[in-house]
Amino acid sequence: MLALRQAPEGIARAEAADSTSALAGLGEVGDALNQALRRILFLPEQASTFAARVDQLHYFELGLMSGIAAVLGCAGIWFAFRYRRRAEGERTPRVVAPLWLELGIAGGLLGLFLFWWLIGYRQYLHAKVAPAGALEVYVTGKQWMWEFAYPRGRNSQGVLFVPAGRPVKLLVTSRDVIHSFYVPAFRIKQDAVPGRYTTIWFQARTAGAYRVFCTELCGVGHSRMWGKVVALAPGDFERWLAGWNPDAADLRRLGIDLDGVLPGDVPADEEEADLAREGQRVAAVRGCLRCHTVDGTPYIGPTWRGLYGSVETMTTGERVFVDEAYITESMMDPLARIVAGYPADMPSYQGLISAPETAAIIEYMKTLWGPVPPDSVAPPPPGGVPR
Amino acid sequence: MSTVEVVVPLSRPAGDSYLEVPRGFRSWLVTTDHKRIGVIFLFATSAALVLGGVFALLLRAELLTPGRTIVGPLAYNRFFTLHGVIMVWLFMIPSIPSAFGNFLLPIMLGAKDVAFPRLNRASVYVYAAGAVIVLSGLVLGGADTGWTFYPPYSGRTPTSVAPIALGVFVLGISTIMTAINFIVTTHTLRAEGMGWMRMPLFVWTIYATSIIQLLATPVLGMALLLVALDHAFRLGVFDPTVGGDPILYQHLFWFYSHPAVYIMILPAMGVVSEVVCTFARKNPFSYTAIVVATLGIAFVGFLTWGHHMFVAGMSELDVGIFGALSMFVAIFSAIKVFTWVGTLYRGSISLDAPLLYLYEFLFLFGVGGMSGVALASPSLDVHWHDTYFVVAHFHFVMVGGTITAWLAALHYWFPKMFGRHYPQRVAALGTLLVFMGFLGTFVPQFLLGNAGMPRRYYDYPPEYQALHVLSTMGSWALGGGLLLTAVYLVAALRGGRRAGTNPWGSRSFEWDTPSPPPQHNFTEQPVIARGPYDYAREEG
Amino acid sequence: MTETETHLQAHFADLAKQTHAARFGMWTFLGSEVLFFGSLFALYASYRAEYGDAFSRAVRHTDLLLGSANTAILITASFLVALAVGELRAGSDRRAAALLLAGAALGVAFMALKGIEYAHHFRDGIYPGVHYRYAALPEEGAKIFFTLYYLMTGLHALHVVGGIVLLLALAWMARRGRFTARWHTPAELGGLYWHLVDVVWIFLWPAFYLLH
Amino acid sequence: MTREARRVWITWIVLLLLAGLTFALSFIPSDPFATPVALGIAMVKAVLVVAVFMEFLDARATPRLAFVVSLLLAAILTTLATVDVLTRRVPALPPG
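Residue numbers (the numbering used here), protein chains in the order written: chain H, 1 to 387; chain B, 1 to 540; chain A, 1 to 212; chain Y, 1 to 96.
You may find that some hints are simply not true.
[Stated by the list, open to error] Dumping the calculated SDA-like pairs for lysine to any residue here, alpha-carbon to alpha-carbon at most 20 angstroms:
| no. | chain 1 | residue 1 | chain 2 | residue 2 |
| --- | --- | --- | --- | --- |
| 1 | A | 17 | B | 193 |
| 2 | A | 17 | B | 190 |
| 3 | A | 17 | B | 118 |
| 4 | A | 17 | B | 196 |
[Said to hold, decoys possible] Coverage of chain A stretches by chain Y, computed from C-beta distances (three or more under 8 angstroms per stretch; other residues unrestricted):
| no. | segment |
| --- | --- |
| 5 | 68-75 |
| 6 | 78-90 |
| 7 | 148-160 |
| 8 | 190-199 |
Rather than coming from a laboratory, the hints here were simulated on the basis of the structure. Note that the coordinates shown come from a computational prediction; the quantities given were computed from them, not determined experimentally. Ideal placement from N, C-alpha and C gives every residue a C-beta, glycine not left out.
Modelling step: build the complete structure from the supplied sequences, incorporating the hints.
Structure, rendered in structure tokens:
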């Protein structure tokens, strides 16, 4: 089986040489055509070496198929007009397709499709097999956020810092359910499977900030599980690796617009924002924050950060969604269902809290969304790295 | 648009059709008559289409604005799961085979009934039981895992995954029953003189679909059974904390689900073959090509499931194998499209509603099929997988393909099933509205997918909003078009003009019996002396 | 009325066609059963490829004696039912009923041994899925092995129970003389189902008891 | 004792012998051929049951085809899933 395992490396290595894209060969005209087609098709910018090549295959397939479709469409419409029914009960000649026509169409199309498969598969291998000496970064998906761990112990949350112009190999895994690391601008995607490492690599062409999406359904927070890739010039990246923590202003000086990539936190409209602030005040006044922290560190009661919408296992083993109903029940009758691993000594607030205050607290808990500070660097997946 | 009105005096009083004899509601409950079972399935699956459509409109309404529009993220996840489950298993899979297949297969073969009438009745009861279990899951709040139920999330979420998974398992049993019935009927109950190459093409596609249903559904049953056990008793075969491998679930699930998309499209292709030959009054451009392509799809369709897992962490070797095999299955669909367009050549074409739907089918299924071939090349799939490009692709093939063909079948066989005509002009308007609504809904989704908008997203960056608003407005037009079709068809059930035996002047065998047909299909046992499509002039 | 009229259904031309249709329907149903179990065998093969040595260690912890006894029981039960169908063709209903009853009895014996085996496993703490508590084999490969063991032998046991009920019904029909030399299709179809249950066990036995 | 009954009896005895053989072979310690041999014998036993007890040989062509195709598809599913597990490239171990 070893031979089968190494085969992809062989193909990819031989093929990595000609990474110049076909259109680029045409120089100025090719580039203008490439940008025009990209804009028409709503494709994001081609920020990685891989992106330009994939788009060429995209234009090639799209163009040829539109041609075939146009020919077929016109033939269909022309027949509808040319052979419209002129008289009732009109008889038609018996026309049977010659075998060579059917086989010709089948053979021609099969050859074309297999040719596309060949290009597509070679590009796929090119994307999957990282060149030697690529920077390895561990990507861990966790329910609704991304964590990144670097070889020399540096780690970061939500933002993947990479050197522009150098290949970066990602070893992707997940701590709970299946996620999928997707950078549209690099045209790469790789599922994060819990219990295993899966790999993909890219090389950012220029410095810049690009958005990251999760594309495998992973629960309530799936549509907010966003991240960012920041490509720095190699010098800046070394400074970052050494411990420099740039904020948005520093990056803007480097020409990288960090905030423009993705909208901010949950765009709570005005009325919801006031309710959340009111909820924070009520939680402080009522003494909830004496047992429940809001920054993710475990304490007497479960922390409220990232609690709303998550799944908690009760002492009875029953699994419950932390939604409005469960939070209200926990306030009014806390001993009914206790989260496993916590003492059952929360006082009941029945009659002490009015309904609007309860709603305010829930609204406040909804804003405690997003990254839970990690208790440690991204640990290897459960069961260690497979043999 | 010239309306075909072959004035044929009513061959016999409408009193003794299968609709009237035997009388009474109770007789419908215990009927083993394949025509009544077909009509029961038609109304049941139409109700499922309406319910699934309601969830679709809710989804599109929620996506009008980024962030919360009408519901929260949890409810949105439940809506698209229920939209998927109801549409796929309660409507798409049974719609054409169980409704039109049940009604037409025995008549087209010249048989009195299907091979096992009691098994046929049981399949109705099992379908009803499965539907009730799935809807009980709906009432309990519905699952939020998507219709794919991927573990480990399907094992962890407290939403009601188990009832819906078991409900679909029971629906699978009903599908296998129907499949066994149709396979045996096609083999043993053909009328005298009907060789395999003289069967109508619709029978071929129902036969091929039954083979796929028979051999693929058990694997789905096992996959969903394991999901239900994992969810209820944490009996995790795919649970990574116990050492399980979630990708193996995907192998089992897609081993069923790719042939399942051929279960959905093959009957639609059968309807298209029938409609194109009747309304162009011409023999099919190549009968053998369509038959070979049908069987090719049925068998090669079982080998290509891996192209759903290119980025799932499958080995590169498998990606290569599945990619190449997927290209083979694509040429069979392409051959069929070429043959249908070829059939129109030198025909005598009358643009009735079924043929308008046929043109829609050719265009939409063409685009859907081609986007499928593009998706099958591995490097493009890395970008497109699980984005709105995939959503647009399979809606082009399922809605643009199967539902358009289902509407064409509904209009084409409406006179035969109910003995009434639908209003021609309103029907033409309906086809236009459905076509415009469809394009408005799903063309923007191709562009959203290119732009990188992931699938199953409740909230999205503001740049995508313009396309989402366009898509939502398109969905209203599509919903309106389908509603209009439902209204005038139900009205025509009672108020439509009476239809003669052969209103379209078709040479296919089901048009030899009166419409609506008597209880035992034929006044006298038919002997087949000609092919089903010989419209040719004597001198050829 | 002659022999055929009583059993011939309206829409079939003659009894031979009807019997062929029934057998054909049964074989297609067996095809779907093959794939139903086949998907579990696919899981077993894939997990054996991933956890090779853990599986071979776990196989030593299953009860070889009970498994082998069950193999002999099912082969014999299958043999008895095959004889019974032969007897029906020869027209002796009583002997066929006795053989069918014996087959059902062996099925019950199979379930008894299977119950004992499960009890032993539960005593050792071997439970499926996350409830696995067996100290001797802590690694994950064993957890998956025993989860698959319970799933596959459990599903097979359910099919054996179904088979027992079927054989009892057929024995009752044979005793009441419902079958004749020319028409005994239900017995044939019941026999086909019972033999398939035996074939599935023929592959389960090495998978869980022998391949170490 | 008709010809069919004799055939059934013989098959029964052969099946029991084969089972005994497999049982005995399983006691050979660390035999590299254990798996293929055991599966081979199981295959032979299965073919015997299907051919004789289920009268597969004198059934008509189409039922046999249906059954064989289902076996083929089960084999395809098993093979491609196992090939996937075997040929997954193990990523380089984390440095340091």
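Evaluated hints:
1. 17(A) with 193(B): With Cα atoms ~16 angstroms apart, residue 17(A) and residue 193(B) stay inside 20 angstroms; holds.
2. 17(A) with 190(B): Roughly 11 angstroms separates the two Cα atoms, so the pair holds.
3. 17(A) with 118(B): holds, 17 angstroms
4. 17(A) with 196(B): OK: residue 17(A) and residue 196(B) at ~17 angstroms, within 20 angstroms.
5. 68-75: holds (count 4)
6. 78-90: holds (count 8)
7. 148-160: Coverage by chain Y is violated for the segment 148-160 of chain A (0 residues, Cβ < 8 angstroms).
8. 190-199: This one holds; 6 residues, not fewer than the three required, reach chain Y with a Cβ under 8 angstroms.
When held up to the earlier numbered hints, the structure conflicts with hint 7 and nothing else.
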